[in-house]
Amino acid sequence: MRTLIFFLLTLCFVTDAQCQDASTKGDNAELAQMYKEDQADRTPGTLIDFEKMAERDREREARVYEMLDQGLVKTSNDYANAAMIFQHGNDTVASGMAVKMMYKAVELDSTRSKWLLAAAIDRDLMYRNKPQIYGTQYRRMEGGKWELYKIDKNAVTDAERRAYNVPSLEETNVRLKRMNSKQIMELYDSGKTVDEIVGFIRKHQATNSGYDLSEDAVNNFGYMLMGKGEDKEALKVFQLNVQLHPKAYNPWDSYGEILLKLGRKEEAAEAYEKSLLLNPQNNNAKEVLKNM
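Position in the sequence shown (first residue = 1) + 15 = the numbering used here.
Treat the hints as calculated values from the structure; they're not laboratory data.
Only true hints are included.
The following label-pair restraints were derived from C-beta to C-beta distances:
hint, residue 1, residue 2, range
1, E211, D167, 42 to 50 Å
2, K276, G86, 29 to 37 Å
3, K305, K51, 16 to 24 Å
4, E211, K40, 40 to 48 Å
5, D167, E281, 45 to 53 Å
6, L277, D167, 40 to 48 Å
7, T172, K276, 39 to 47 Å
In silico EDC-like links for lysine to aspartate or glutamate, alpha-carbon gap of 16 Å or less:
hint, residue 1, residue 2
8, K129, E175
9, K276, E248
10, K243, D56
11, K197, E230
12, K168, E185
13, K129, D173
For every residue, glycine included, the Cβ atom is placed at its ideal position computed from N, Cα and C.
Full structure from sequences and hints, please.
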């Protein structure tokens with residue numbers, strides 16, 4: 016029998032407007048912390064104890080139900096955080112709740128990215144053994160190869176996907192090819208230093224190296240280093256990404272985040288302003304700049 020491992024694309028521990036908007040006054044602080052812990056449990060590059068993670072997922076899910084009963088889930092961010100926790104449940108009840116929570120999050124804030132709503136809908140369909148419609152869910156087959164979970168290609172158009180911040184099917188196929196390439200983490204695990212990896216990316220990013228050296232891959236590698244507490248090394252990676260992709264907003268957002276974490280506030284503000292200039296809908300950059 017083939018072993019299937021399902022994967023929610025675009026890991027949301029990153030500071031990406033597709034996944035999580037910046038916290039605002041009135042948000043449930045406990046729920047926001049639960050979201051962060053949910054993401055920390057899934058940080059790439061760390062050893063994951065799936066049994067313990069599942070236990071923590073169940074505890075978080077139970078607590079969210081308590082919060083809902085007590086009227087403690089109120090803001091758009093609250094509902095989005097709750098949705099992510101339900102998203103990591105293991106049955107159709109949880110997946111259905113994730114969809115319900117994200118609909119409410121979008122209803123309360125029409126400027127919120129709808130990517131997570133699309134992902135919640137697809138994941139709910141997947142748990143019900145039905146084809147997804149947007150194309151956010153992948154599965155890893157025996158042997159390690161990724162493939163797109165079965166999809167009804169005619170249920171929605173690419174224009175509708177774009178409205179939900181989901182790539183077109185053609186773009187999804189390109190992403191799938193990248194996912195089946197060698198990963199930057201393999202270079203790190205082989206013993207190469209971050210400086211050596213930065214040099215490799217710079218040299219080979221425009222060639223067919225066999226590695227996924229895309230904007231997203233480099234960004235995720237930076238966050239992996241942050242997750243390990245290697246902030247100064249992460250800075251090198253995020254700095255490289257803005258040099259390679261100066262017109263992409265998300266690398267600038269991430270660059271601002273690491274600069275701010277390192278206490279370099281003026282440079283961080285400049286990076287966030289650059290990100291916002293490239294994408295005026297980047298609510299994360301707006302909120303960070305407002306609170307600096």
